[in-house]
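Taken in sequence, the protein lines are chains A and B.
For reference, each letter of the first sequence is one residue, going 0 to 158 in numbering that gives the first Met the number 0.
For reference, each letter of the second sequence is one residue, going 0 to 82 in numbering that gives the first Met the number 0.
Hints were generated in silico from the structure; no laboratory data involved.
All figures in this text were calculated on a predicted structure; none of them were measured in a lab.
We put the CB at the ideal spot given by N, CA and C, even for glycine.
Check each hint, because a few of them may be wrong.
Said to hold, decoys possible - Chain B regions said to be covered by chain A (calculated; three or more residues, Cβ under 8 Å): (1) 18 to 28; (2) 33 to 41.
Claimed, not checked - No farther apart than 20 Å at their CA atoms in a straight line, the calculated lysine to aspartate or glutamate pairs in the EDC-like style are these: (3) B:K50 <-> A:E67; (4) B:K58 <-> A:E52; (5) B:K50 <-> A:E147; (6) B:K14 <-> A:D143; (7) B:K58 <-> A:E41; (8) B:K58 <-> A:E68; (9) B:K50 <-> B:D20; (10) A:K129 <-> B:D20; (11) B:K58 <-> A:E128; (12) B:K50 <-> A:E137; (13) B:K58 <-> B:E72; (14) B:K50 <-> A:E59.
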Amino acid sequence: MTATIRLQREAFDAGAEAAKLSRGRTDIGAVVSFIGICRADENGEAIAALNLEHYPGMAEAEIARHVEEANARWPLHGVTVIHRYGRIAPGEPIVLVVTASSHRQAAFAAAEFLMDYLKTRAPFWKQVEKATGAQWVEAKAADDTAAERWAAPRRETAK
Amino acid sequence: MKIRYFAWVRERIGKSEEDLDPPAGVATVADLVAWLTRRGEGYAYAFENPKTIRAAIDKHHVRADARIAGAGEIAFFPPMTGG
Numbered sequence: 000m001t002a003t004i005r006l007q008r009e010a011f012d013a014g015a016e017a018a019k020l021s022r023g024r025t026d027i028g029a030v031v032s033f034i035g036i037c038r039a040d041e042n043g044e045a046i047a048a049l050n051l052e053h054y055p056g057m058a059e060a061e062i063a064r065h066v067e068e069a070n071a072r073w074p075l076h077g078v079t080v081i082h083r084y085g086r087i088a089p090g091e092p093i094v095l096v097v098t099a100s101s102h103r104q105a106a107f108a109a110a111e112f113l114m115d116y117l118k119t120r121a122p123f124w125k126q127v128e129k130a131t132g133a134q135w136v137e138a139k140a141a142d143d144t145a146a147e148r149w150a151a152p153r154r155e156t157a158k
Numbered sequence: 000m001k002i003r004y005f006a007w008v009r010e011r012i013g014k015s016e017e018d019l020d021p022p023a024g025v026a027t028v029a030d031l032v033a034w035l036t037r038r039g040e041g042y043a044y045a046f047e048n049p050k051t052i053r054a055a056i057d058k059h060h061v062r063a064d065a066r067i068a069g070a071g072e073i074a075f076f077p078p079m080t081g082g
């Protein structure tokens, strides 16, 4: 499996990243990409932007650990994870997860697994800029629940 | 050892990192939180509800009962909100 993990300030080109994963290969039958995008509201209140803080070094390591786990659980040919930090305006992309496999089930499942874990285990913190000032986003219990459903080790597809 | 703080933990304490030498007897992450809490108002505010604090030792998530002996870097931060 080829794995690309990148943290960056700049926006990314999701289409180009997805194309890169399967270029020159004929064993990949499915590529799934998920793009997380900055909304213009947080809990019904307008926001001017998001500011994302991260823990350099640990963020990459934590993502890499989950990419390894995804690779152990599903027969993947490639994974790309790009997460931005710094100031992100509404409409701009925040995070990209691309998974490539021979068949769609593994690609879909691995992408969802990676996103659920990124939300709750990767050391990033969102702050929103509102008219009333800056405010840290609170973690959602629903995100913990989403991550926990992967906790019991199981193999979705035989390797 | 180096102690690092992120997000509102960093803001409340007023610094992003510091080098500290906790006394013998501070054996676990929970002990370290209790010891830091006594260092001043900002620390007490940051750690007022220890249940909301997450910790990492040498860039790996750990629980409050993890032992800190041999740690090079310990980080404290709120629950994560990336993705």
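**OP:** Quick one: which hint numbers does this structure break? Sort them smallest to largest.
**Re:** 1, 2, 3, 6, 7, 9, 10, 11, 14
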